[in-house]
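Protein chains: 2
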Amino acid sequence: MTPAELTIAEVAERTGLTRHTLRYYERDGLMIGVGRADSGHRRYSEGDLGWIDLITKLRATGMPIREVRRYAELVRAGDGNEDERLALLRAHGERVRAQLDTMAAYLDAIDMKIRYYADGIEACEPPDSCLSSRRPAVASVPR
Amino acid sequence: MTPAELTIAEVAERTGLTRHTLRYYERDGLMIGVGRADSGHRRYSEGDLGWIDLITKLRATGMPIREVRRYAELVRAGDGNEDERLALLRAHGERVRAQLDTMAAYLDAIDMKIRYYADGIEACEPPDSCLSSRRPAVASVPR
DNA sequence: GTTTGACTTCGAGCACACTCTAAGCGGGAG
DNA sequence: CTCCCGCTTAGAGTGTGCTCGAAGTCAAAC
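Sequence order for the protein chains is A and B.
Sequential numbering of the first sequence, starting at 1, is according to the working numbering.
Sequential numbering of the second sequence, starting at 1, is according to the working numbering.
Mixed in with the good hints there might be a few duds.
Since the list gives no way to pick one copy over another, a pair counts as held whenever it fits inside one copy or between any two copies.
[Unchecked claim] No more than 25 Å apart at the CA atoms, straight line, and that leaves these computed lysine to any residue pairs for SDA-like:
| id | residue 1 | residue 2 |
| --- | --- | --- |
| 1 | Lys113 | Ala9 |
| 2 | Lys113 | Arg66 |
| 3 | Lys57 | Thr102 |
| 4 | Lys113 | Leu74 |
| 5 | Lys57 | Gly40 |
| 6 | Lys113 | Ala37 |
| 7 | Lys113 | Gly80 |
| 8 | Lys113 | Arg42 |
| 9 | Lys113 | His41 |
| 10 | Lys57 | Ala37 |
| 11 | Lys57 | Arg95 |
| 12 | Lys113 | Ile32 |
| 13 | Lys57 | Ala9 |
| 14 | Lys57 | Leu100 |
| 15 | Lys113 | Arg14 |
| 16 | Lys113 | Ser39 |
| 17 | Lys113 | Asp38 |
| 18 | Lys113 | Thr7 |
| 19 | Lys57 | Arg97 |
| 20 | Lys57 | Ser39 |
| 21 | Lys57 | Arg70 |
Just so you know, the hints here were simulated from the structure itself, not pulled from any lab data.
As the structure is a prediction and not an experimental result, all values here were calculated from the model.
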């Protein structure tokens, strides 16, 4: 029961990463232990797919390559460093939570700006009324 | 009642951007119309501060420089393109909302991984019990 | 048996967003 | 008057994360 090895092309298709990126990740120490066929071609296991899925989520939430590599090093080193892996993931999780909060607040501010424009345009829809002098005369720059 | 003009150093202090970055933004077309003293030195108005605050939020939510520049061009062009400004902001808002959703989902997945490690470590706190054979034997890679 | 095409490694190239340097000017302190 | 500091411009350099190209190998198709 070998777990159905995949070529780089199949993994690229399934993960959305390019072959170039998959090779780059491996070269850069982000992968755990990608197998090789007799020909030297890469063969990915289902476990590799799961790993790629995880590090893709880490990357998409803003973890730098070097930190993903650190995590991969810990996993490659084997049992005994679970506390450090946990600390790394927890620190990242907190950073992501903080960033989500910040971005949500900024989005609110942007939505206010959108409402400002939407109100102005909708209130002015009949072009014969509504002159441009309706603007708040003070805020002379932030449009 | 001139609105208290600020030097680049003061604006850097207040906004958290460096002087370099403030000059770079201006050179790159992201600013609206930064004034100059007789000496040629930049003088920022309160309105400029508000604009910087806005584009900082746009940048922090992932809007590329070139799109901020486009928005600035529209503002510089004056009245009559409010619909395009609105469309630009709305498109960005939707992208940000989508990204927040994605990141929240990824964060959930990362939190699950954290719980996996936290449970393992806490369950193993007395080092004499709890051998490493407790792991799920199947998931051989994604740690 | 040769062609085709996907794979390999290694190194260079690119986009983005700053970040810094060099050369020069100007204005207040001593 | 001279020093020094902070400003000016133009342009070069940096870090991150891919992205691509060249040269070569291998295996199945014709």
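Quick rundown of the hints versus the structure:
Taking CA atoms no more than 25 Å apart as the test, Lys113 paired with Ala9 passes in neither setting, with 45 Å inside one copy and 28 Å between copies. In this assembly of identical chains, Lys113 and Arg66 lie within 25 Å of each other by CA distance solely across copies; the values are 19 Å between and 37 Å within a copy. For the identical chains of this complex, Lys57 and Thr102 are neighbours both inside a copy (19 Å) and across copies (9 Å), given an alpha-carbon limit of 25 Å. In this assembly of identical chains, Lys113 and Leu74 lie within 25 Å of each other by CA distance solely across copies; the values are 15 Å between and 46 Å within a copy.
Taking the shortest Cα distances, Lys57 and Gly40 never come within 25 Å of each other, neither inside one copy (29 Å) nor across copies (48 Å). Within a single copy, Lys113 and Ala37 get their C-alpha atoms no closer than 57 Å, and across copies no closer than 31 Å, so neither meets the 25 Å cut-off. Proximity of Lys113 and Gly80 under a CA criterion of 25 Å is satisfied inter-copy only: 17 Å between copies versus 52 Å inside one chain copy. For the homomeric pair Lys113 and Arg42, neither the shortest alpha-carbon distance inside one copy (51 Å) nor that between copies (27 Å) is at most 25 Å.
In this assembly of identical chains, the alpha carbons of Lys113 and His41 never lie at most 25 Å apart, being 53 Å within a copy and 31 Å across copies at closest. In this homomeric assembly, Lys57 and Ala37 never come within 25 Å of each other (Cα to Cα): the closest approach is 28 Å inside a single copy and 49 Å across copies. With identical chains, the CA atoms of Lys57 and Arg95 are at most 25 Å apart both within one copy (14 Å) and between copies (18 Å). In this homomeric assembly, Lys113 and Ile32 come within 25 Å of each other (Cα to Cα) only across copies, at 17 Å, whereas the closest approach inside a single copy is 47 Å.
When the C-alpha separation of Lys57 and Ala9 is checked against a cutoff of 25 Å, the pair qualifies only within one copy, where the shortest distance is 21 Å, while the shortest distance between copies is 39 Å. For the homomeric pair Lys57 and Leu100, the shortest alpha-carbon distances inside one copy (15 Å) and between copies (13 Å) are both at most 25 Å. Taking CA atoms no more than 25 Å apart as the test, Lys113 paired with Arg14 passes between copies only; the shortest distance there is 22 Å, against 39 Å inside one copy. When the C-alpha separation of Lys113 and Ser39 is checked against a cutoff of 25 Å, the pair qualifies neither within a copy, at 59 Å, nor between copies, at 35 Å.
Proximity of Lys113 to Asp38 under the C-alpha cut-off of 25 Å is found in neither arrangement, the shortest distances being 60 Å within a copy and 34 Å between copies. In the homo-oligomer, the alpha carbons of Lys113 and Thr7 never lie at most 25 Å apart, since the shortest distance is 49 Å inside one protomer and 27 Å across protomers. Taking the closest pair of Cα atoms, Lys57 and Arg97 come within 25 Å of each other both inside a single copy (14 Å) and across two copies (17 Å). Taking the closest pair of Cα atoms, Lys57 and Ser39 never come within 25 Å of each other, the shortest separation being 31 Å inside a single copy and 51 Å across copies.
In this assembly of identical chains, the alpha carbons of Lys57 and Arg70 lie at most 25 Å apart only when taken from the same copy (16 Å versus 31 Å across copies).
Going through the hint list in order, the structure does not satisfy hints 1, 5, 6, 8, 9, 10, 16, 17, 18, 20.
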